[in-house]
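Using the sequences plus the hints, can you model the full thing?
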Amino acid sequence: MVAARVVEEFELDVNGRREIVRVAAGTPLLMVLRNDLGLTAAKYGCGLEQCFACAVLVDGEATTSCATPVESFVGRRIVTLEGLAADGELHPVQQAFLEEEAAQCGYCIPGMIIGAVALLRRERKPTEEQIRAALDPHLCRCGTHWRILKAVRRAAGQA
Amino acid sequence: MRPLPPALAAHPELDSWVRVDLAATITVFTGKVELGQGLLGALARIAADELDVALARLRVQTADTRHGLDERFTAGSLSMMDSGTALRQAAAEARAVLLELAAGQLGVPIERLEVADGTITDVAKGGSVSYWELSGGRPLRRRASGAVQPKAAQAHRAVGSEARNRIDLRGLIDGTTRFVGDLRSEGMLHGRVVRPPSPAARLLSFEDGAMRELDGVVAVVRRGSFVGVLAEREEQAVAAAELARRRARWAQAETLPAASALAAWLRAQPDEAFLIRDGVPAGAAEPPDSETAWTHLASYSRPYLMHASIGPSAAMALWERGQLTVWTHSQGVYVLREALAQALGLDHDAIRAVHVVGPGCYGHNGADDAAFDAALLAIEAPGRPVLLKWSRADEHQWEPYGSPALVELRAVLDDDGRIADWSHEVWGTTHRLRPMVDGSPNLLAGEHLDPPLGRRGPTPFLAKEAGIHRNATPIYEFPRSRVVKHFVAAMPLRTSSLRSLGAYANVFAIESFMDELARGSGRSPLHFRLAHLRDPRAREVLEAAVDAAGWGGAPSAQAGRGSGIALARYKNSAAYAAVVVSLRVDDATAAIWLERIVIAADCGEVVDPSGAINQLEGGALQSASWTLKEQVAFDASSVTSVDWDSYPILRFSEVPAVETRLLDRPGLPFLGTGEATQGPTAAAIANAVADAVGLRLRDTPFTPARVREAALAAA
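Read top to bottom, the protein sequences are chains A and B. Oh and the first sequence: position 36 is 36 in this note's numbering, straight run, nothing missing. Oh and the second sequence: position 521 is 521 in this note's numbering, straight run, nothing missing.
Just to be clear, a hint being listed does not mean it is correct.
As the list claims (entries may be wrong) - Examples of chain A residues toward chain B, derived with CB under 10 Å:
(1) Arg-5
(2) Phe-10
(3) Ile-20
(4) Gly-26
(5) Thr-27
(6) Leu-48
(7) Val-74
(8) Leu-81
(9) Arg-132
(10) Ala-133
(11) Gly-143
(12) His-145
(13) Ile-148
(14) Leu-149
Said to hold, decoys possible - Here are the computed distance ranges between Cβ atoms for each label pair:
(15) Glu-99/A to Asp-438/B: 43 to 51 Å
(16) Arg-121/A to Leu-22/B: 39 to 47 Å
(17) Val-74/A to Gly-383/B: 35 to 43 Å
To be verified - Calculated from the model, a selection of chain B residues having no Cβ within reach of chain A, i.e. all distances over 12 Å:
(18) Ile-110
(19) Ala-251
(20) Pro-270
(21) Val-280
(22) Gly-283
(23) His-307
(24) Arg-418
(25) Gly-552
(26) Asp-645
(27) Val-658
(28) Pro-666
FYI, nobody ran anything at the bench for these hints, they're computed from the structure. All of these numbers come straight from a predicted model, not from anything done at the bench. We treat Cβ as the ideally placed atom computed from N, Cα and C, and that holds for glycine.
Right, here's the structure in full:
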């Protein structure tokens with residue numbers, strides 16, 4: 001027999017707002033963000049924490065959301081791509097991606113921007129190696145890597 | 001009268017292409033779709049120039065069968081050539097109609113009118129009227145005539161501008177773009193499929209009792225070996241599919257060839273051989289002339305490759321009152337509609353297929369198959385939209401792969417070191433398992449239904465520069481040459497169109513062999529190519545690449561570091577691209593580290609330089625990934641490349657610096673950009689490895705193991 005998962009209430013801090021969601025424990029954060037909170041910028045890519053298309057900021061760190069259950073995020077500060085812009089003004093990293101036209105299909109881009117924001121929080125002036133290391137877990141299939149690197153350098157004031 | 005561009009001749013109503021909106025915007029239509037290649041922005045630029053409106057006023061609507069602008073597939077680097085050329089003419093004619101209306105309304109001759117951002121002004125008296133006052137929300141009701149000449153290149157403002165203003169970019173960066181997998185609708189159900197464990201597996205038994213008791217499960221669908229589940233919530237659908245996977249018993253069979261000997265397998269299969277003349281299969285090929293004393297022989301191969309989209313395929317479908325609507329990231333919604341109609345026994349009119357942007361597809365991936373899966377599930381839940389998503393493993397194991405290829409080249413070098421005779425033979429499986437071929441539907445689930453949908457075996461693609469023989473014809477001029485295509489009908493794994501199709505393997509082989517011939521006779525790879533190259537645009541591109549790279553073909557002075565060059569004109573009729581690669585080969589690990597890729601390209605008239613560069617560089621980096629890292633792995637029965645660990649692709653730590661020099665040709669036809677660099681990049685990497693360490697790699701991927709094998713063979 002299959003044990004039914006009990007639906008529980010979880011309190012989350014998402015993009016600076018307190019959100020109460022009622023879902024079964026064990027539900028990945030990504031599904032909660034996308035289906036319960038309507039925040040669809042973070043994408044499903046693999047469900048295996050291998051591609052970082054689902055990355056969101058958790059207490060400032062770029063974190064995959066596709067395979068970790070929602071209950072693990074209670075009491076943590078979650079920021080999605082939608083939460084980066086302030087008063088309609090793009091975040092400087094987003095602005096840099098726009099200026100470099102660093103996207104083709106764009107599917108991986110929310111995760112890339114999250115990864116770059118986390119890096120620049122840690123390192124105001126990252127080296128090329130630090131940029132590449134920070135983005136290394138993020139997969140892009142369109143071959144936009146070089147432009148993405150340019151965008152991150154630009155956001156870091158190195159372009 | 002100008003002859004109308006083919007797509008406009010097929011759809012001559014101007015209202016099919018251009019609409020003056022009620023608000024102060026213009027909507028233009030295309031039968032093509034946005035795949036991440038930047039089509040929307042490029043079409044908007046063309047229309048903005050012809051209509052004299054600001055780019056910000058343009059809206060672009062892509063393929064939707066309800067609209068009727070059928071342009072078949074968005075493929076073959078033809079979107080600008082087909083749709084861009086047609087839209088340019090349609091927009092020019094629409095402007096002329098609007099001027100005519102304005103002349104009537106203002107009571108002045110047309111010659112006195114000028115247009116600025118959609119406002120038509122009488123330059124003599126100053127009266128004015130806008131497009132929207134004249135025609136806002138109303139159809140033009142005119143057909144294209146060919147009587148209007150689009151603007152001369154020097155009058156273009158948006159077209160060719162270096163401005164970075166791709167109109168759909170902001171949504172991708174602020175997260176507001178709704179990809180197909182992001183669609184949400186009232187009452188929506190979530191669907192998942194449970195695929196067989198291997199291509200030949202058949203479902204023996206399936207216990208679905210427990211699944212129906214799972215929370216939220218609405219339906220468990222079994223039709224033959226097709227299994228799918230529907231649930232209220234996504235995590236419930238995933239849990240139900242997981243359980244179904246555990247409860248299913250399959251009969252499996254060992255039907256796959258040895259992955260390690262794929263080229264030999266291709267060579268050993270029964271095939272149909274065609275002699276290729278001027279890019280066209282022209283009758284059965286005779287065996288090669290045994291009298292020819294070939295001085296040089298080499299063979300090259302590539303394995304099965306994945307499209308490997310970062311987002312697995314998805315679709316939404318709604319079955320309501322005998323009407324099916326499918327939201328899909330298909331490359332060809334009209335063709336998909338035909339396939340769905342036949343597969344489901346419905347009239348075309350009962351189906352609407354709407355394109356919604358998806359993750360990059362790079363050719364024909366699982367998008368159409370997912371649309372059929374969604375339709376099969378939606379029919380079980382009338383009135384409720386179904387959002388169907390493939391898992392990562394579904395995508396890796398079941399997308400139609402890029403075909404494997406084997407290329408055997410032969411040449412005779414004369415006493416002057418010039419090529420006197422040339423032979424190119426290429427083997428491969430089909431590149432066009434499109435959703436509808438030869439009148440029958442090809443949709444994955446159709447193979448699992450009981451009875452299966454009657455998909456016929458693949459047939460050879462005999463069009464000019466198609467499939468296996470794409471770019472098999474060399475760009476160079478040789479006194480004698482012979483090109484043969486070997487079509488292998490056997491298809492142990494499904495294959496279909498992967499970006500650049502046969503061009504990747506053929507150009508990789510030709511441009512590697514040219515380099516081998518040059519180096520073997522002590523000639524510069526640049527001068528050797530130029531000595532056989534007449535096409536002035538090709539010569540200019542080659543020279544531009546060398547100039548941009550600052551490397552003219554001189555042998556490497558530093559052990560372990562090297563450079564290589566390669567050239568092709570995609571389909572021998574589209575964009576020219578030359579690529580220079582610089583790299584180093586790590587002595588200890590045998591790993592190849594790309595340092596720099598320099599591209600020069602002539603894509604005809606460039607509409608959006610930044611967009612064109614994005615496509616050319618993306619093609620080069622994707623090709624670098626194929627060439628260095630990728631091959632679909634499988635055992636005797638199953639594909640074992642199921643995720644990104646078992647099918648690795650290029651990462652940021654491995655990405656070289658990339659730069660591009662565009663040779664713009666204002667006023668000349670659009671030549672496309674998306675598939676020009678794949679073949680040259682592969683060969684330039686092989687040639688750079690030869691320059692760096694003296695090893696010739698002829699089988700992709702160039703993994704450290706392959707480099708070591710080549711070193712051992714050379715020792």
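Of the hints given before, which are not true for this structure? 2, 3, 7, 23, 26 and 27
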